[in-house]
Every structure is written in structure tokens, then in C-alpha cells.
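Use these hints to put chain Z onto chain V, whose structure you have.
Chain order of the listed sequences is V and Z.
Every letter in the first sequence is one number past the one before it in my numbering, and letter 367, counting from 1, is 367.
Every letter in the second sequence is one number past the one before it in my numbering, and letter 77, counting from 1, is 77.
Check the hints yourself; a few may be wrong.
Unchecked claim - Here are the computed lysine-lysine pairs in the DSS-like style, where the Cα-Cα straight-line distance is at most 27 Å:
{"hint": "1", "chain 1": "V", "residue 1": "K10", "chain 2": "V", "residue 2": "K26"}
{"hint": "2", "chain 1": "Z", "residue 1": "K113", "chain 2": "V", "residue 2": "K369"}
{"hint": "3", "chain 1": "Z", "residue 1": "K145", "chain 2": "V", "residue 2": "K369"}
{"hint": "4", "chain 1": "Z", "residue 1": "K145", "chain 2": "V", "residue 2": "K26"}
{"hint": "5", "chain 1": "Z", "residue 1": "K113", "chain 2": "Z", "residue 2": "K145"}
{"hint": "6", "chain 1": "V", "residue 1": "K322", "chain 2": "V", "residue 2": "K294"}
Stated by the list, open to error - Negatives, chain V to chain Z, calculated, CB over 10 Å:
{"hint": "7", "residue": "K46"}
{"hint": "8", "residue": "S70"}
{"hint": "9", "residue": "G95"}
{"hint": "10", "residue": "G134"}
{"hint": "11", "residue": "D201"}
{"hint": "12", "residue": "L241"}
{"hint": "13", "residue": "R318"}
{"hint": "14", "residue": "A342"}
{"hint": "15", "residue": "R359"}
By construction, these hints were calculated from the structure, which means they are not laboratory data.
Keep in mind it's a predicted model, so treat the numbers as computed, not measured.
Beta carbons are placed, not taken as given, at the ideal position from N, Cα and C, and that holds for glycine.
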Amino acid sequence: MNCVERYLAKAAGVEEAKAGQDLSCKVSYVAAHDVTAPIAIDMFRKIGVKKVFDPDRVALIVDHIYPANSEKARNNVWTMKDFADEFGVHLYHRGEGVIHQLMYEKHRAQPGELVVIADSHTGTCGGYGAVGVGVGSTELAAAMATGKLDLEVPQVIQIYLTGKRRSNVFGKDLILYLGSQFGTDYLVDRALLFTGPGIDDLSVAERMTVCNMGIELGAMITLFGTTEKEPDTLEVKEIDLGSLEPQIARPFSPANVVPVREVAGTPVTQVVVGSCTNGRLNDMEQVAKAFEGKHVHPDVNTLVVPASRDILDEMEKRGWCKIIRDAGATVLNPGCGSCFGAHEGLTSERDTVVSTTNRNFPGRMGSMKAKIYLASPATAAATALAGKITVPGEE
Amino acid sequence: MDTIKGKVIVLGDDVDTDQILPGYAMAEPYDQLGNFAMAGLAGLDFKSVYEPGSIIVAGRNFGCGSSREQAPIALHQLGVSLVMAKGFARIFRRNSINIGLPVWVADMADKLKTGDVVEVDLEKGTVTVNGEVNEFTPMAPTVLKTLEYGGLIPRVRAELGIE
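Next comes chain V alone, as it looks inside the complex:
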């Protein structure tokens, strides 16, 4: 058994599991946000049970549209608050941060535990070894009621990492590179597992970035194991981290990836750093380091969105917020920000964006014609300063 099979077998209370087998697994944490929770709550009430499986292991988090940008959005918050009051589950509705970061900070699963969140980026918790499965609202409602998730054990694609990163290469560049290798659907219903001595060169935060974007390759589960190679996987691909250079996804697919140098010089009008992908303290540090004593290009609207209030607090303590503001950029409230096209930085057809978020689909940030490129915070910061796509460290 590989570690995905071992973890799922344990969660299901069985001795052995192998790819293709159907299991009913015990869930350690369940969560939903303001886009998925209202429907999940409606479905939960339709099931007709009187309590959730364990109120201390259920969290509802308002992150997508915070603060509310409409009466409808605010009503969704009330739906969540009423449910939390009635069933005693955890509620974060005052701008505490993005669901995947808050689950790490406040409700951290142990390695191997199963986390079910009604959000596609649930794989993020694989950065700290937990098994995250993203679901929709109906399955979330069922998981809240039963504490169980039915799933089929996936085949595992193992990425065996060796070597050390160059100073301008990050977890984001690794997962973008894998997008260029696998495309958007090779990993559908499969798991992506990272092992090998090279994982020691990626901090937990960098690993969370990698796991966050496994879903853009279609993966059901994305996970970091140990430095040891795992047995019984469908295939093993070895990657020397030292061979990677900064990567960027071009419009309109997260898998439409080339090295940054191939599109260097492309003029840019907006830069976004943040989200569940790259809104952590190490990401903010890249921006603060790059911006210190400098000014972003006058044509570039630069938005910095920390993934949680704890991260924002730490940025303020370290003087990074002032550095970022003095550079002519805007620090927004913690949350999903402009990532998904509802508020806080929508584009027009004249915009070209470099963003550290996870998707660059048509219309993802407003205009259907706006061009969105996805890259690391270091690439985004260097680009904001230069006003054109720039390889970090080669300004």
C-alpha cells in the first residue's frame, strides 16, 4: 500500500485498501464557506437530522465575499450564523481569513486525517500531510450529518523530488511546471503524491501552495508524504528541483505554462498577490523584500491580500504593510479578494493581470477579455515594479 491507501484504510477502519476500492471513511474536519455553505445548510435541513456529527469539528467561514458586496451576500452570512447558533459549530464571519488558511491555523488536521471542505482547493491541507477532498454542497451536508465520506481509493501519481531550488523558484513554480507536463485532466479521480529528499527544500507553506493547485490538474487528492519513495503507485516521475526556473501560466488555463522568460516584457496593468494559493507570510515577505524603498510602476494597480488576520497582524508588526503602501500598492482585508471575480479588483477588457491566485479562466476576474497570468509572489512583485512581466532576480 502507498500512503494514500494506508491513510484511507485507517480512516475507513479496514486493514487494507487498494486503488479502485470503494470505502466509507471517517472524516476529521468538515468546513464550508459563504458560497457553498448556504446550499449545504439547505440540503442538511432537507436530510432531516437534528444534529451535526461533531460540532467542534465543523467550521463555517465567510471568506469569498467579505465584507458583503450586496444584500444577497449578506443574507448568506445570516444563513450561516443562524445555523452556527442552532447547531453549535464554529463560525468565522468577521474577516478572519480564507478557509484553507484558517483550517491550518485554527483546526489543523494531523497527517493522514481526512478533511472534507466544500471548496475545490481543499487539497491545500496536503501541504501538512492531511488528506483533503473537495466536495460540493450536497456531499458536504451528508458529511456534516454523518461524519463520513464515501469515496473510491484513487490511483496515485508519485512525484519524487530531489535537489534544491534556485533562489527565484518556489512551490508555485513547481506546481505550474507540473501543469505544463500533465495538463488539466490527467489527474482526474487520481491522487498526486510528493515524496523524495527534495521535499525538505519546501517549507510547509510552500507545500500548501503546491497542494492548493493540484485540482487545476484535476487531482482528487494532493499530498506530501515523506522523503522515502512510496510503493504501489501508478507511476513515479522524478524531478530535480534545481532544474526548475520560474514558471508562468498564460491565459486562459492554469496548465498553459511556460518559463517566465518566454513572456518577459509583456506590459501589465494589475498585479494581485494573495489567496489560498499564495497569501501566507512567506509570500508577503517576497513582496515586502522586493518593494522596500521602491515604487510599483505607475501603470500597475497592485493589490496585496493576506490569507488571514494573523498573517496581516504579523505583516504590520514587521513593518511590511507600510513598505507595501509606501511602494504605491494596496493592502486589502484578508479573504479571497479579487481571485474569483465577485469584488475587490475586477478587471476591464483593457487589463493584463499577473496574479498569484490559482485560476485564469476567461472572466475569472471580471472582464471576459482581461488576460490573466498566474505566477509566484516573487515574479508578481518584480512584475509590479517593472510594469511588465519580469523574471525575479533578473530585473
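Frame of chain V, contents of chain Z only:
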């Protein structure tokens, strides 16, 4: 389950959930979602070719992206009778069945053009176009059963005997 007959709308690969139901519509009340179905579709004004009961025929990885159940709900509310594609993203596929929208793996996008009329038998796994029968893997019996109940919650309630 009866056969599904209708005009097809042919789409390409990687039709993502932002195209099916854009981010700006995600806070809309449940019963309004159908008004925003395919509002973000790139390259085609969906409403101009849609007729009640239309069948969507797509390429690889239909429904990739977000876990928003609003996406299949919007298609279902609008009246799309079936989505058949070369492949589906995992969460979209499961969400669709859970809310009662038939989605089925059948690689027909290259053989059809928008406006063609097809008849689909999910139990037999056939797509009939102008008398020509194309065969695929039939829909799994458990999935068909969930669809016959109108989705997972109605099925669970019925099986538990909840009125």
C-alpha cells in the same frame, strides 16, 4: 429512465465552472441561478442557441474549476436535459448527479454540430443520430437510480422513509 431526445449544443474542452456560473452570480438566491446559466461562456452566446431540453455535448474536462454546486443547479434549472462529454471534472460530475442533472461520458463532440437532434438511452449507452447508433459505456445503475429520485437527498430521504 426514459430516453432523452433533444437538440445539441456543441462546446469545446475545459468548459470551467466560472463559464457555467460566473463568480458574480454565486450569491444569487437558489431559485434564480438558472437565469445565469452559461452567462460566462467564452465564444458563444449560449442563450441564442438554447432551447428547452437542449443537450450539451462537450470535450475533455467539462466542469473543471470550482466546487460550486450552483453550476450544475443553474444548468438543471434552465432545463438542460443532459450533458455528455469526453470527460468531466470530478467534483462537477458528483455535484451534478447529487442535484439530479444527468451527466454522462460519451465522446460525441467531434461527430455533432450545434442544432443536430440526438436520442440518448443512458441505460443502453446509445446515442442515435439520423438513425446511426453510437455505443458507449452505459450509465452505472446506482447513478441512474439517484437520477430517478431527482438527486441524492431525495433518494436518501426515500430510502430512510422520511416524508
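Results for each hint:
| no. | hint | result |
| --- | --- | --- |
| 1 | V:K10 with V:K26 | holds, 9 Å |
| 2 | Z:K113 with V:K369 | holds, 26 Å |
| 3 | Z:K145 with V:K369 | violated, 42 Å |
| 4 | Z:K145 with V:K26 | holds, 25 Å |
| 5 | Z:K113 with Z:K145 | violated, 30 Å |
| 6 | V:K322 with V:K294 | holds, 12 Å |
| 7 | K46 | violated, 5 Å |
| 8 | S70 | violated, 6 Å |
| 9 | G95 | holds, 17 Å |
| 10 | G134 | violated, 5 Å |
| 11 | D201 | holds, 30 Å |
| 12 | L241 | holds, 27 Å |
| 13 | R318 | holds, 32 Å |
| 14 | A342 | violated, 5 Å |
| 15 | R359 | violated, 6 Å |
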